[in-house]
Amino acid sequence: MQNTKLTWIQKILVKDKKERKNIVTVANNLVMHLHPARVPAAALDFKYTWGLGGISTVLVVLLGLTGLLLMFRYDARVDYAYLSIQALETQIQFGSLIRAVHHWSANLLVITTALHLLRVFFTGSYKQGRSTNWIIGLVLFFLALISNFTGYLLPWDQLAYWAITVSTNLMSYIPVIGFEMRNFFLGGPQVGQNALSNFYALHVVFVPFLLIIILSYHFWKVRKNGGISQPIQKENQRVSYVQTLPNLVRVEYAAALVVIVVIVLWSMIKPAPLGPIANPFNSPNPAKAAWYFLGLQELLLHMQPLAVLGLVAVLGGVLVLTPFFDKEEEDIGLYFRSPVGKRAAMWGALLGLNLTPIIVLLDEYWIDLLAWMPGVPASISTGWVPFLTTLMVMAVIYAVFRSTRVYQTKKANHSEAVLGVFAFIVVALLVLTAIGIFFRGPNMAFVLPF
Amino acid sequence: MNKKSQTKSNTGDEPDNISRRNFLQGSLKALTALAAIELGAAGLLFLRARSLDGEYGGIMTVGKVEDFTPGSVVEYEDGNFFLVRVEDGGFMAVYRRCPHLGCTVQWVAKKQKFFCPCHAASFDPYGEFENQPVARALDTFKVFFEDDMVKVDTSQMRTREHHSAQDISYQS
Ligand code: HEM
Ligand code: FES
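Top line first, the protein sequences correspond to chains A and B.
Mapped onto my numbering, the consecutive letters of the first sequence carry residue numbers -19 to 430.
Mapped onto my numbering, the consecutive letters of the second sequence carry residue numbers 145 to 316.
Chain A with its partners taken away, still in its complex shape (with noise of 0.2 Å):
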């Protein structure tokens, strides 16, 4: 702590030594709060966690002040929603590049916490009791995707309007219950005022409440189980470790400077889109979902709402159990595990980027399961048969990798195995986004965009 320097502000504004000192034990009293006293070197190398779960932080922050900055100047009724935003583009000084920084930050944030979600995934980090915290940041990342899924409506124009109408319907098609639910969450069975003003109070209120107390207790948990994952030592290494201050705040400090001053820059390039006013009797052609849902809109032109729907439940169940039954701990804290588990990601990655685009291209042109199987329900031929179809894909992957020799004579344990289904997942789910961003046209029709 002694080897913390004054800051030049604050030489200059407080000019008693002791109180000078006094501030500096606060300050740093309020870091301790967060960090331990001392951590290992090994835990300050950036290339082990990229400061994702650091910048997600402060992209979280910057969401808060230019939120609330928004709030002052927003009207949620829908006849004057647009029109407020408008008026920030146009009339209000600095509106636009506040709603530009909101909206960056927000797309971002989607952006980071998925990879923060993948780094974790790689390095095994969720293993050696730090299942919770698995969890904990599986609800943070879905509350991510909600909070921009609540702000997406607010603009009021057709992307808005859409967008919210056709994920809602979805949810329509859950079970027993999706109906009420769909009802229940728009305040009617269709977009309109009450839909309007539950996401509002969602987004402003109950969305960040919910948010920064998870958050809080991520943060506590990570120092909880002895602060971030590393590789397990040796008999006879010793850790070394280094003081938190400054070293690690100073990483922090300057990370976090990189992010407010890359998100102002490009907001300043870039301002948030906003589209015409919203429509309700007709939908804009081609009518896209926000770019990170874009995967599951491609997939919803191949299969049924609900099998597109049971194949994100499994996908979440699964990620949800995957600390319970990923026993191997040897391997905890080294990126993909082990030579196996580097060859099995590599070949599941692969394997996605090659079959996907295949299957879209052959159900585009020559799949037709509705004309193969005449006689059968649809729910059946174009539900059931490509939800079990996907399913099994990745069994089969599962089962190759641990049969066959991935690596010299090495068969994949269960851990290295998963790890490359997860792989083969990312990748395909990457490629269906960037079909459904660059090659969908007019009535989503297949389109080359050059």
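Keep in mind that the hints were calculated from the coordinates and are not lab data.
A virtual CB, placed ideally from N, CA and C, is assigned to each residue, including glycine.
Check before you lean on any hint, since a few could be wrong.
According to the in silico footprint, chain B covers these stretches of chain A (three or more CB under 8 Å from chain B) [claimed, not checked]:
| no. | segment |
| --- | --- |
| 1 | 77 to 84 |
| 2 | 255 to 263 |
| 3 | 272 to 284 |
A short list of chain B residues far from chain A (calculated; beta carbon distances all over 10 Å) [as the list claims (entries may be wrong)]:
| no. | residue |
| --- | --- |
| 4 | Arg164 |
| 5 | Ala177 |
| 6 | Ala186 |
| 7 | Thr213 |
| 8 | Asp222 |
| 9 | Glu231 |
| 10 | Pro269 |
| 11 | Ala279 |
| 12 | Met293 |
| 13 | Ser299 |
| 14 | Ser308 |
Listed below are the simulated DSS-like cross-link pairs for lysine-lysine, each with C-alpha atoms no more than 30 Å apart in a straight line [claimed, not checked]:
| no. | chain 1 | residue 1 | chain 2 | residue 2 |
| --- | --- | --- | --- | --- |
| 15 | A | Lys214 | A | Lys391 |
| 16 | A | Lys201 | B | Lys173 |
| 17 | A | Lys322 | A | Lys391 |
| 18 | B | Lys257 | A | Lys268 |
| 19 | A | Lys268 | B | Lys173 |
| 20 | B | Lys255 | A | Lys268 |
| 21 | A | Lys307 | A | Lys391 |
| 22 | A | Lys27 | A | Lys390 |
| 23 | B | Lys255 | B | Lys286 |
Take the given structure of chain A and dock chain B with the ligands to it, following the hints.
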């Protein structure tokens, strides 16, 4: 602390004493649960759907029978339907809302099909579905005739799995 209070208590035998404490603790839990249920239910009811009626309703007069040539499709945006006069002279009013996830379908005359801009569903002129994402034909409204005028009853939507000949109305 538990032990102490137990040994100290000199009223009656122990099992009785414990069961009274258990009873009190149990009731406390039960009351807390009840309060939680009450608050939860009140919250849900408070938030429940505030309006459950559709967007329009009522009977629309769309025009004279002979104004519509067989094989034509005309869009009525304010009624949210397409008036279809099929080749043999019958009429259908096809709801514009896609049975998949609720976007509005568009009529593409060149291809003689309805297309949905959201997930590529397509439907033939009778509203029958043709491809993967959907599992249901387009909904319809009832069409009837009065004094040579075509009228559409938009107050009640008729859902159907597949198209059938009964969905077409003829002027008798
Ligand atoms: C996890 C954090 C948050 C995320 C991911 C998020 C995301 C979004 C998104 C995607 C929009 C739509 C705006 C656009 O893209 O054009 C939006 C709008 C809005 N948000 Fe947030 N938000 C977050 C936190 C907050 C907070 C904490 C507040 C208030 C204290 C807030 C207040 C608003 C307001 C008033 C709007 C409407 C103005 C506009 O549409 O530009 N947001 N938010
Ligand atoms: S909403 Fe029409 S195809 Fe999905």
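Please flag the earlier hints that this structure goes against, numbers listed from lowest up. 1, 8, 11, 19
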